[in-house]
Amino acid sequence: MKPKARLMNGEEVGRALRRIAHEIVERNKGAQNLALVGIHTRGVPIAERLAELIGSFEGITPEVGKLDITLYRDDLTEIALQPVVKKTEVPFDVHGMRIVLCDDVLFTGRTARAALDALIDMGRPAVIQYAVLVDRGHRELPIRADYVGKNVPTSQHEVVKVKIASVDDADAVELHEIPS
Amino acid sequence: MSGPRPGARRAGRWAVVGAHLVDGDGDHGVGDVLIESGEIRAVGEGVGAAAQTSIDAGGALLTPAFLDLHAHLREPGQEVKEDLASGLAAAAAGGFGTVVSMANTTPTVDEPGLVGELVEKARRLPGARLRPGAALSHGLRGETLTDFAALQAAGAVMITDDGMPVADGRLMRSACEYAAELGLIVQTHSEDPSLRGDGVMHEGAVSQELGLPGNPDAAEAVMVFRDCEVARLTGARVHIAHVTSRRAMEVIEHFKALGAPVTCEVTPHHLTLTDAALRGFDPVFKVAPPLRSDADVAYLREALRRGTVDSIGTDHAPHTRAEKDRDLTSAPFGLPNIEVAFPVLYTRLVASGELGLDGMLRLLQDGPAAVMGWPRPRLQAGAPADLVLLDLETERTVDPTRFASKAKFSPWAGEPLRGWPMLTVVGGDVVFRLEDAAA
Amino acid sequence: MTATVQIALTEKTRARRRNLLDFAAWSSDEVAALFGTADVMAQVLTRTIKKVPALQGFTVGTLFFEDSTRTRLSFERAARAQSADVISFAAGGSSLSKGESLKDTLRTIDQMQADLYVVRHPTAGVPYQLTRWTDAAIVNAGDGRRAHPTQALLDAYTFRNRFEGFDGFAGKRLVIVGDVLHSRVARSNVELWRKLGGEVVLCGPPPLLPPELAPGVRHSHRLADAVEGAHAVMALRLQRERMASGLLPSVAEYVARYQLTARALRSAADGALVMHPGPINRDVEIAGDVADGPRSVIETQVASGVPIRMAVLYTLLVGKR
Chain A
63 MKPKARLMNG EEVGRALRRI AHEIVERNKG AQNLALVGIH TRGVPIAERL AELIGSFEGI
123 TPEVGKLDIT LYRDDLTEIA LQPVVKKTEV PFDVHGMRIV LCDDVLFTGR TARAALDALI
183 DMGRPAVIQY AVLVDRGHRE LPIRADYVGK NVPTSQHEVV KVKIASVDDA DAVELHEIPS
Chain B
469 MSGPRPGARR AGRWAVVGAH LVDGDGDHGV GDVLIESGEI RAVGEGVGAA AQTSIDAGGA
529 LLTPAFLDLH AHLREPGQEV KEDLASGLAA AAAGGFGTVV SMANTTPTVD EPGLVGELVE
589 KARRLPGARL RPGAALSHGL RGETLTDFAA LQAAGAVMIT DDGMPVADGR LMRSACEYAA
649 ELGLIVQTHS EDPSLRGDGV MHEGAVSQEL GLPGNPDAAE AVMVFRDCEV ARLTGARVHI
709 AHVTSRRAME VIEHFKALGA PVTCEVTPHH LTLTDAALRG FDPVFKVAPP LRSDADVAYL
769 REALRRGTVD SIGTDHAPHT RAEKDRDLTS APFGLPNIEV AFPVLYTRLV ASGELGLDGM
829 LRLLQDGPAA VMGWPRPRLQ AGAPADLVLL DLETERTVDP TRFASKAKFS PWAGEPLRGW
889 PMLTVVGGDV VFRLEDAAA
Chain C
4 MTATVQIALT EKTRARRRNL LDFAAWSSDE VAALFGTADV MAQVLTRTIK KVPALQGFTV
64 GTLFFEDSTR TRLSFERAAR AQSADVISFA AGGSSLSKGE SLKDTLRTID QMQADLYVVR
124 HPTAGVPYQL TRWTDAAIVN AGDGRRAHPT QALLDAYTFR NRFEGFDGFA GKRLVIVGDV
184 LHSRVARSNV ELWRKLGGEV VLCGPPPLLP PELAPGVRHS HRLADAVEGA HAVMALRLQR
244 ERMASGLLPS VAEYVARYQL TARALRSAAD GALVMHPGPI NRDVEIAGDV ADGPRSVIET
304 QVASGVPIRM AVLYTLLVGK R
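Residue numbers (my numbering), protein chains in the order written: chain A, 63 to 242; chain B, 469 to 907; chain C, 4 to 324.
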């Protein structure tokens with residue numbers, strides 16, 4: 063599918079992630095007791111990149127977890143014929159931790175809500191924050207991100223596609239039109 | 469067709485005109501049948517001119533009404549499933565002029581008084597003639613014999629425990645000895661209870677696949693052998709009902725070759741359905757003896773062609789829809805079929821070329837008459853005016869909601885069939901008229 | 004999403020669902036996906052909060068015309084762990100009389116508008132009959148001796164997880180020993196294992212292993228021959244009624260010829276697993292030391308019941324229709 067527009071190139075994505083990593087450390091006054099949990103699918107490589115970046119300038123690399131929120135969604139009957147459930151791997155105790163949930167795009171807010179429920183079912187974090195690369199508006203729930211790479215106004219007929227170098231061919235953020 | 473409504477008593481002379489006349493003596497070409505006082509007065513071209521009213525057959529086939537030696541009319545005691553009125557009306561709709569009713573009712577028809585009541589009630593009902601069968605043993609329990617002579621005097625034409633096999637060989641022998649002396653036919657439901665077990669369908673590859681308890685053909689063959697042997701021993705006329713398997717038919721052939729006084733019957737469903745029908749898990753197809761394999765059905769059809777089969781009997785076994793909507797263990801055995809029996813047989817066996825029309829008619833007319841020792845049904849002066857007019861051309865879909873029977877469901881529901889009875893006459897009265905027949 | 008759209012979806016989603024009556028309408032890929040989902044469900048059950056909201060708002064009805072506390076509780080747990088509501092109808096209760104019209108029984112129960120029914124009945128075919136009269140999904144929890152698909156699923160799932168170096172079912176041989184004739188577990192395992200690409204051998208005394216059962220599957224009446232090269236050997240429970248009804252001479256005779264002993268298992272393949280659908284008759288169809296031994300995965304089978312049933316409920320209820 064050819065993109066309608068390229069919203070961020072590789073350099074811009076890199077810079078945004080570096081900035082977010084710094085903001086996380088600043089807001090949480092260091093990397094102690096900190097963990098990043100990426101929401102499947104692209105939230106995971108983003109969490110891993112952020113953890114690496116934090117490790118590179120703090121000397122402490124926060125733990126990374128992977129969260130599948132399929133079982134917590136409220137819109138399962140619309141999204142797919144057979145939603146595939148992936149494994150959740152959070153190999154540390156969330157109790158009392160400062161957790162930053164990481165995702166690629168913040169849209170309606172339903173994914174974030176499901177992720178909050180899933181995380182809280184695992185234990186009682188001290189603090190949950192939320193980092194996204196792109197906020198595309200059209201919130202349906204009172205959710206906001208603590209850390210945002212870029213704000214992009216979009217229409218309902220568009221889709222924002224995020225590519226991360228560790229899993230795709232390069233870093234990029236693209237805007238696509240939904241075929242009618 | 470203009471003419472009288474069903475049940476209307478006909479006074480004076482009336483006729484069916486312009487029909488293709490066929491009976492056991494052969495094809496008599498196109499002609500009329502003149503009827504008066506319940507009898508045929510004359511047959512042939514132009515005889516209908518002497519009639520006061522007439523029905524135009526439009527060239528359709530007119531033949532003596534069929535004889536069914538095996539139908540469950542469920543009276544007394546089971547009228548929720550069927551009663552004499554609905555059963556005899558359904559028989560008429562199927563083109564049957566005479567029905568022998570089975571005795572496995574509640575109470576069992578094992579007393580002369582019960583036989584008499586049935587005869588009396590049926591006399592006043594429009595529809596096919598009733599010839600009651602009476603039980604061989606009290607309550608069908610297979611322990612003590614009923615009073616054959618008294619039952620016969622009250623009107624019973626056949627002795628049968630049908631529904632139940634007569635498990636005890638000695639009782640069967642005694643029954644046959646008495647029946648032989650009185651000239652009564654003994655009709656048997658030949659299945660060995662111990663081999664039959666709790667089988668709900670034919671034991672074979674399909675029953676194993678479906679994980680349902682099976683009823684092997686050996687259960688039938690073993691009992692058929694016993695019943696034939698008792699017939700040979702006693703000289704009684706034994707009529708084996710609903711033969712379903714190759715093995716059983718082979719046993720009967722063996723005994724016929726020996727000259728044993730054995731006759732046999734096959735049903736419309738055992739000639740046209742197999743155990744594969746159970747794959748849908750619909751208890752409509754649960755019958756006893758069960759629907760068997762392709763090979764068995766093929767052999768039965770072969771036997772029809774060779775003339776080994778003496779008659780076709782419907783074994784019309786109505787139940788309520790709720791009873792047939794139970795699980796396969798709890799649902800009762802039996803399926804209703806009297807109204808569609810001829811169309812099923814005609815479409816599947818005659819129209820397909822497997823059996824000639826004359827062969828089929830013989831199995832429904834002369835065959836049963838010979839088994840019972842009744843006069844051969846004929847289109848001739850002096851014969852009772854029991855006739856059926858058949859439309860062999862028009863295809864109609866089986867619609868159980870329009871059945872006269874209380875059992876408004878069918879294994880053939882929704883199937884397009886030909887050979888529908890258009891008009892049935894019993895004793896000179898029109899007892900059935902197909903509603904949508906062209907005026 | 005507006006409220007009216009939400010309501011319309013709820014009405015629509017009760018329209019014609021899939022069923023799990025046996026594996027006739029299931030592909031091996033779909034079964035593999037089920038196993039993947041079961042992995043996730045198994046993990047949910049290890050958390051502090053052993054619950055997810057995936058089936059919130061759905062109602063699951065258990066219709067057990069034939070008693071089975073274990074299986075029924077397993078399904079109910081599978082439903083509740085996903086936040087579904089559960090209504091139980093048990094045999095002997097006023098709603099479920101055997102012998103009543105199934106259609107009428109179901110129509111009355113269906114007033115509860117359950118989204119899915121788990122059904123167990125002593126007569127084969129009842130789950131198929133029920134699909135005629137309701138739009139709810141039907142899961143067969145055992146019908147007569149015909150099928151018990153969730154048992155076969157948890158058996159195959161156990162093998163997949165416990166067989167050392169598992170690389171697929173192709174070329175794997177399952178040997179089932181015992182009263183095959185009366186066993187829906189055997190029939191469903193034959194169906195599933197073969198669908199997944201494996202091979203099955205059936206072993207038992209002649210009256211309990213008729214030749215027409217499972218065409219295309221090897222039958223053997225000698226245990227040592229049957230077990231040779233097996234990757235999994237499953238013993239079936241021997242029911243006392245079989246002796247009483249004259250089908251078998253005696254327990255001692257059966258034990259001598261068909262009991263799964265360490266000795267009998269010697270000719271099985273390396274790493275072969277010992278399985279049993281449970282509950283076991285210790286030292287009847289299976290020697291105590293084998294049931295407790297290192298090759299036995301019987302406890303894993305039991306533990307797999309809830310995750311597999313969670314995966315089944317999830318797969319049948321969730322997703323676009």
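Treat the hints with care, since some could be wrong.
What the simulated footprint calls covered on chain C by chain B, stretch by stretch (three residues with Cβ under 8 Å from a Cβ of chain B suffice, anywhere in the stretch; the number is not a length) [stated by the list, open to error]:
#, segment
1, 42-50
2, 113-126
3, 251-265
In silico lysine to any residue, SDA-like type, Cα no more than 25 Å apart, as pairs [stated by the list, open to error]:
#, chain 1, residue 1, chain 2, residue 2
4, A, K128, C, S30
5, A, K149, C, S30
6, A, K149, C, P56
7, A, K148, C, P56
8, C, K53, A, K223
9, A, K66, A, G199
10, C, K54, A, G92
11, C, K54, A, D231
12, A, K128, C, G39
13, B, K876, C, T111
14, A, K223, A, G199
15, A, K149, C, A306
16, A, K66, A, V189
17, A, K148, C, I52
18, C, K53, A, A188
19, C, K106, B, D660
20, A, K149, C, K54
21, A, K148, C, A306
22, B, K874, C, K106
23, C, K106, C, I52
24, A, K128, C, T318
25, A, K148, C, S86
Since the hints were derived computationally from the structure, they do not count as laboratory data. Glycine included, C-beta positions come from ideal geometry on N, C-alpha and C.
Each hint tested on the structure:
| no. | hint | in the structure |
| --- | --- | --- |
| 1 | 42-50 | violated (count 0) |
| 2 | 113-126 | holds (count 3) |
| 3 | 251-265 | violated (count 0) |
| 4 | A:K128 x C:S30 | violated, 30 Å |
| 5 | A:K149 x C:S30 | holds, 23 Å |
| 6 | A:K149 x C:P56 | holds, 16 Å |
| 7 | A:K148 x C:P56 | holds, 16 Å |
| 8 | C:K53 x A:K223 | violated, 34 Å |
| 9 | A:K66 x A:G199 | holds, 18 Å |
| 10 | C:K54 x A:G92 | violated, 34 Å |
| 11 | C:K54 x A:D231 | violated, 38 Å |
| 12 | A:K128 x C:G39 | holds, 17 Å |
| 13 | B:K876 x C:T111 | holds, 23 Å |
| 14 | A:K223 x A:G199 | holds, 14 Å |
| 15 | A:K149 x C:A306 | holds, 19 Å |
| 16 | A:K66 x A:V189 | violated, 38 Å |
| 17 | A:K148 x C:I52 | holds, 18 Å |
| 18 | C:K53 x A:A188 | holds, 21 Å |
| 19 | C:K106 x B:D660 | violated, 33 Å |
| 20 | A:K149 x C:K54 | holds, 15 Å |
| 21 | A:K148 x C:A306 | holds, 21 Å |
| 22 | B:K874 x C:K106 | holds, 19 Å |
| 23 | C:K106 x C:I52 | violated, 40 Å |
| 24 | A:K128 x C:T318 | holds, 22 Å |
| 25 | A:K148 x C:S86 | holds, 19 Å |
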